[in-house]
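2 protein chains.
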Amino acid sequence: MKNKDLIKELSNRMNWTIGETADVVAALGNIISTKLSEGDSVYLDGLGQFETKKKGERISVNPANGQRYLVPPKLVAVFKPGGTLKNKLKEIDTNE
Amino acid sequence: MKNKDLIKELSNRMNWTIGETADVVAALGNIISTKLSEGDSVYLDGLGQFETKKKGERISVNPANGQRYLVPPKLVAVFKPGGTLKNKLKEIDTNE
Chain A
0 MKNKDLIKEL SNRMNWTIGE TADVVAALGN IISTKLSEGD SVYLDGLGQF ETKKKGERIS
60 VNPANGQRYL VPPKLVAVFK PGGTLKNKLK EIDTNE
Chain B
0 MKNKDLIKEL SNRMNWTIGE TADVVAALGN IISTKLSEGD SVYLDGLGQF ETKKKGERIS
60 VNPANGQRYL VPPKLVAVFK PGGTLKNKLK EIDTNE
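In order, the protein sequences belong to chains A and B. For the first sequence, counting from 1, position 41 maps to 40 in numbering that gives the first Met the number 0; every step adds exactly one. For the second sequence, counting from 1, position 85 maps to 84 in numbering that gives the first Met the number 0; every step adds exactly one.
The shape of chain A in the complex, shown without the other chains (with noise of 0.2 Å):
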């Protein structure tokens, strides 16, 4: 499901405008990535929590020339499922 297609689910749901719905989800996109970016974690009630995760700086080869060289340690954002959608995909049959 594209962005798109949940803007305009959401707002036949809420019975508002696509502009409207637009605009509250990039809002609230740009809430929990600034918050994030602080060093805050953000928890959304049925989805779970979104927070950051420091990976350390670690030495990689580049294959073409054999080089050893340095990537810098990084913030990467993770997001842990909440008690309510860890049940609802419980009830997924994984056998299908």
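Please keep in mind that the hints were generated in silico from the structure rather than gathered at the bench. Any given hint might turn out to be false.
[Said to hold, decoys possible] Derived DSS-like pairs: lysine-lysine, alpha-carbon spacing no greater than 27 Å straight-line:
# : chain 1 : residue 1 : chain 2 : residue 2
1 : A       : 34        : B       : 87
2 : A       : 79        : A       : 89
3 : A       : 34        : B       : 54
4 : A       : 89        : B       : 87
On the provided structure of chain A, position chain B as indicated by the hints.
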């Protein structure tokens, strides 16, 4: 940031009531988790993609009695941060 504070900040930005804002966030979470449970992935502009991954069955051991048992296969929700979020986190000084 708890769900309550997220709603509050979003309602301030949109100039909506807490009630309206809570409704749209709940509806959004519901759409995303429903799509995931239907095997669909969901892309949110500015954040990234939610999708499911199948974890195969595995054998585990009960440490209390040494008995081995089968953990059934299950679906877990995973999140892949998009470019905008990755770039936002790249600007952070990880050496703090």
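- request: Could you tell me which of the numbered hints above are not met by this structure, giving the numbers in increasing order?
  value: As far as the earlier hints go, 3 and 4 are violated by this structure, in ascending order.
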